[in-house]
Amino acid sequence: MTAAWTHDGYELVVGLEVHVELATRTKLFSASPNRFGDEPNTNIDPVTLGLPGALPVLNRHAVELAMRIGLALNCTVQRCTFARKNYFYPDMPKAYQVSQYDQPLNVDGYLDLPDGSRVGIERAHMEEDAGKSVHVGGSEGRVAGADETLIDLNRAGVPLVEIVSRPDISSPDQARAYVTELRSILLAIGASDAKMEEGSMRVDANVSVRKPGAPLGTRCEIKNVNSVRSVGRAIEYEARRQIDMIEAGEAVQQQTRHWSDADGRTHTLRTKEDADDYRYFLEPDLVPLDPAAEWVESVRAALPPLPAARRAALAAAAGLTADAEPVAVLVERGQDGYALAVAEAGGDLGRAIVHVQQAFAEAGEAPAVSPADLAKLTALETGGQLTATQAKTVVGVLLERGGGDAGAIAAELGFEAVESGELEALVDAAIAAEPDAWAKFQAGEGKAMGALVGYVMKASKGQADGKQVTAILNARRS
Amino acid sequence: MTRTVTEIAAGVRSGELKAVDVLEQHLAAIDAREGDVHAFNLVLADQAREAAAAVDAAVAAGNDPGPLAGVPVALKDNMCTRGVPTTCSSKILAGWKPPYDGTVVAKLAAAGAVTVGKTNLDEFAMGSSTENSAFGPTRNPLDTTRVPGGSSGGSAAAVAAGFAALSFGSDTGGSIRQPAALCGVVGVKPTYGRVSRFGLVAFASSLDQIGPFTHTVADAALALQVVSGVDTHDSTTIPEPVPDLSAALGRGVAGLRVGRITDLPAGADPDVQERLDAAFAALAAAGATIVDVTVPAFTYGLTAYYLIAPAEASSNLARYDGVRYGLRVAGPDADSMFAATRTAGFGDEVKRRILLGTYALSAGYYDAYYGKALKIRRLMADDFAKAYASCDVMLTPASPSVAFEVGAKAADPLAMYLCDTYTIPANLTGDPAMSVPFGTGAGGLPVGVQVLAPALGEPVMLQVAAELERSVA
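Protein chains in written order, with my numbering: chain A, 1 to 478; chain B, 1 to 473.
Since the hints were made in silico from the structure, they are not lab data. Model, not experiment: these values are computed from the prediction. Don't be surprised by glycine CBs; every beta carbon is placed ideally from N, CA and C.
Derived DSSO-like pairs (lysine-lysine); straight-line CA-CA distance at most 27 angstroms:
| # | chain 1 | residue 1 | chain 2 | residue 2 |
| --- | --- | --- | --- | --- |
| 1 | A | K392 | A | K447 |
| 2 | B | K97 | A | K132 |
| 3 | A | K440 | A | K461 |
| 4 | B | K351 | B | K97 |
| 5 | B | K91 | B | K409 |
| 6 | A | K85 | A | K132 |
| 7 | A | K272 | A | K211 |
| 8 | B | K375 | A | K85 |
| 9 | B | K97 | B | K107 |
| 10 | A | K272 | A | K132 |
| 11 | A | K85 | B | K372 |
| 12 | A | K85 | B | K351 |
Beta-carbon label-pair distances, calculated as ranges:
| # | chain 1 | residue 1 | chain 2 | residue 2 | range |
| --- | --- | --- | --- | --- | --- |
| 13 | A | R25 | B | A10 | 45 to 53 angstroms |
| 14 | A | R35 | B | P99 | 18 to 26 angstroms |
| 15 | B | G250 | A | R25 | 47 to 55 angstroms |
| 16 | B | A408 | A | P33 | 53 to 61 angstroms |
| 17 | B | K97 | A | R25 | 26 to 34 angstroms |
| 18 | B | P99 | A | E273 | 37 to 45 angstroms |
Please construct the entire structure, taking both the sequences and the accompanying hints into account.
See below:
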């Protein structure tokens, strides 16, 4: 479990609503491209523009991706309907959003986090995105004071799935872990590119506080949380704001609040009183969607292994725990398969994981360096022909060149193993040069070993094998 | 002389008639009487002449232009026509040109029909007299002191006046059948989903259907055949193949069971009731069995309709906000612009229904109004299904009265709403229904009898209508 969050005797109750844009080729109800970054108002058509007489036609691929999300989150996929959510906004072409209301596609799932906690998923429903308003002129790009507002409808009608968690999250860390894990799953199943910075994954947090055992407190919905880091910061800030109010004898008002990364605070966006009445009703232009059991099962069967299973597999193979950081990082990057391939090619999995975590951040899921090339490097390392430091340098060259023979590169760089006799002499010199460190080390202060190893590495110009030096020092002490 | 759709198409396809000559006859009729009738918002004479010439050229080249070759057709001005203004008789859409053809429009063109113009309607199809038009009322060509009915009054009048051999309207609560009755022509509302709504500007999406106006039942069957069928652009269209709608027209009605609804809401004028009784008698004489049935929910149709249709309309018409197309009245901020645009752009009846519908869907009122109306809609479907267990079709009046005088009900919305008492239930159930002229009532004005049939029952509905047509001839 992540550390329990309490503050002045209050506990935190958080539910997250995560919107993700689906990675379809076309929009939810029309054939216009679903593509980020194009010239404004080029990916449009009569349906996107809400022209009179235009009708929506449901995108089958969007349904399939939405089902993938539901199944990956252990939801029940059910017969569902679409509804209209009515409100006026300049970038809402029909003045209603087609969404799912009382009969969503996916219900009653859960997401297990790496720390072993489980967060319930209430629903994951389909809906269309709105366009974008760009406020031009005035002070700061906000609608107030702007000279004019430009509207780009490229995003209008892009398929979204809104994933609504149960209020099972009890700390900012857990909220971050939930978002991180959800993002990994979305990437793994190919449902979304889930880029928070581009808005293809957007998080709203419902936050309330209470004394343990007390009924749920009044919640505030926090919007504009645009990074995993902000998720934690915004929840932390909002919880403390609410506690301070209660402690000061004030009542928390149900509000929608806007998170500002710049000042690290949440600000009132609207109160419950001026909330829209959305007048939901069944969308008469669409028929109910009742996915056949065979379809659901074929989507389920085609799901790739999910991050949790992949972490477990990699950890088991490497003799690590499933929540070990390198394991999480590799799976997050989709490089777990690559590391396992290095092992299969005769390499050392432990060393491969270290190198991939440290040096392959930009290498993608299928690095240019072949598993065999990296395997050869780790073999040289475990065989004692290369030190960890030398190996790291060779890996850098491998990445630069997109592969190559590690042995040849090591020779090119003039890397030779330091003889063990020479090492003993260097250790003698280190003890002589750093008597204080040696004394502390002998007294059982493990940290003191750093200065001694450092001396040897410096004296050997980095050619000494750190592991062997450590072994010699440990042997001398006992 | 007036030629039927069937005669024109056959003549043009065989080369005996020239599409351009047929067109000129109709354009001449428009020249002569359109000033009095005002059936059209727009007459497309030049475009029609080109289309007719192309049809003749196709015939001359040995190609078949299609089952409606050279047939002059008028389209209700809520059907999207590429590059041609489509106004819904509203200021808010004045001048707007759709960038696409609706499915029905495209099918008509592909079948060789020649569009002569866009016809007047009650604004956004809301009304029963074609007086609620931003461009002035349409008059009944049989008596220009009277209304043609509505909302498809322009389309009904265009056929009645000989301006077009065929026209199309839309029917949400009776907007094809009631004007057909008042103008003495045939008007059909097909089964919901039989005809694509793609390109029909929505009033109430779950009720709207496009259908034809013609002089004869055979013409209606032919025209409906052309425009029917599943459409990938409209998810609510019915996938079942369309049968031959003309096959049963000559079969008579021997052995058919015709339902008489004993608990039909009162309100039909005596002259209308008399014609309905005569219709039952005529069918009985032709060998049909008249069966008494009850449809208890019929009475609640009007109430349910005036919650469901405005509710959907309040949402469908929300897009006219001045942002992307149509009228824009500037304001200091977006909300002010929306309000100013909609205040200036919509007429009173449209505003009334938007208010009604918004209220019916509002938090705290949904269950009492919209929710209850949906229950009545389900009851209506159940009651109709029970009635059809003992009969093949049912007859009612299409309109409680013959054509009334211009202005007679304009100031009384409730009196106007009652015009749709008999037509609304078929929209709520989605079943097909049509009005067929069956003699005259007060003042020698036409009376229409409504033939109701179960879903996808167009063949038997048209079969019975054809018998009524024969028996009155």
